[in-house]
Amino acid sequence: MATETHLHAPASGSLLDYRHRITVDQYHRMLDLGILGPDPRTELLGGVIVIKATKSPPHVLATELLEGLLHRIMPAGYFPSMGNPTCIAERDSEPEPDAQVIRGSPRDYAGRCRGSRDAALVIVVADASYDYDRYEKWVTYAGAGIPVYWILDLNRRHLEVHTGPEGQGEEARYRDARLLGPDEEVALVLDGREAARFLVREILP
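Take any residue in the sequence shown, note its place counting from 1, add 178, and you have its number in this note's numbering.
A hint or two may mislead.
Derived DEER-like restraints, expressed as beta-carbon distance ranges [claimed, not checked]: (1) 309 - 201: 18 to 28 Å; (2) 242 - 346: 27 to 37 Å; (3) 380 - 200: 31 to 41 Å; (4) 206 - 349: 40 to 50 Å; (5) 255 - 342: 15 to 25 Å.
If you are wondering where the hints come from, they were derived from the structure by calculation, not from laboratory data.
As the structure is a computational prediction, the values presented were derived from the model and not from experiment.
Ideal Cβ placement from N, Cα and C applies to all residues, glycine included.
Start from the sequences and build out the full structure, keeping to the hints where you can.
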C-alpha cells in the first residue's frame, strides 16, 4: 500500500545562496544573443544558470514511457509537454522538467511562455539528480504554487507524489507526500479531479 511520509525538510542547505543571480528576462536575452551556445543544455533556477546533466539510458527510457502513457490517458482540456521550459519569473527560474501537464491546448501558448499558473502537474525523472530535484526544484515548484509535483526516483524505484504547496521563498514546501512502489497505483489528479490510474511500474525502466 502507499506509504504516507513526511518529506518536508530540505535535503541540504541551498546550493544557490552564494552565487550571482539573474532574472528570467536576462536569461532570455542571453539565449537570444547566443551567449550560452547554439544548443544550450541549461536551465535557470533561483537566478542561477545550471548545466543539465546528460541523461542516462534508463532516464531516457523512463521519459519515453512517461510520454507514451500521458498521451494515452490525457483528458480533454490538458496536454502533455515534454522537456520544455516553464517560466517562474517571481522566483527567477525557468526549469525544464521531464514532463508537465499543461492546461488548454498547445496553440493557446503560441505567443507566450508557459508559466507556473498553466501547469497542473510537473514530473521529473531523478537518478543522479535526486537531491537537486528533491530540494531546489521542490522548493521552486511549491513556491510557484504548482499543485502536484512527481519525482520518479529511478534508484529507489518508486514515485513520490507531492501535493499541497504552501509558503513563500525558501520556506515554500509541499505539505503532503506519498511514496508509491512499482506495483502500486498512482492517480493522475488534475485540478482536483482524478483523470486516470496506472501502475508505477508502467513508467519505470
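Structure-based check of all given hints:
| no. | hint | in the structure |
| --- | --- | --- |
| 1 | 309 - 201: 18 to 28 Å | holds (26 Å) |
| 2 | 242 - 346: 27 to 37 Å | holds (36 Å) |
| 3 | 380 - 200: 31 to 41 Å | holds (39 Å) |
| 4 | 206 - 349: 40 to 50 Å | violated (28 Å) |
| 5 | 255 - 342: 15 to 25 Å | holds (23 Å) |
Against the hints set out earlier in the document, a violation occurs for number 4 only.
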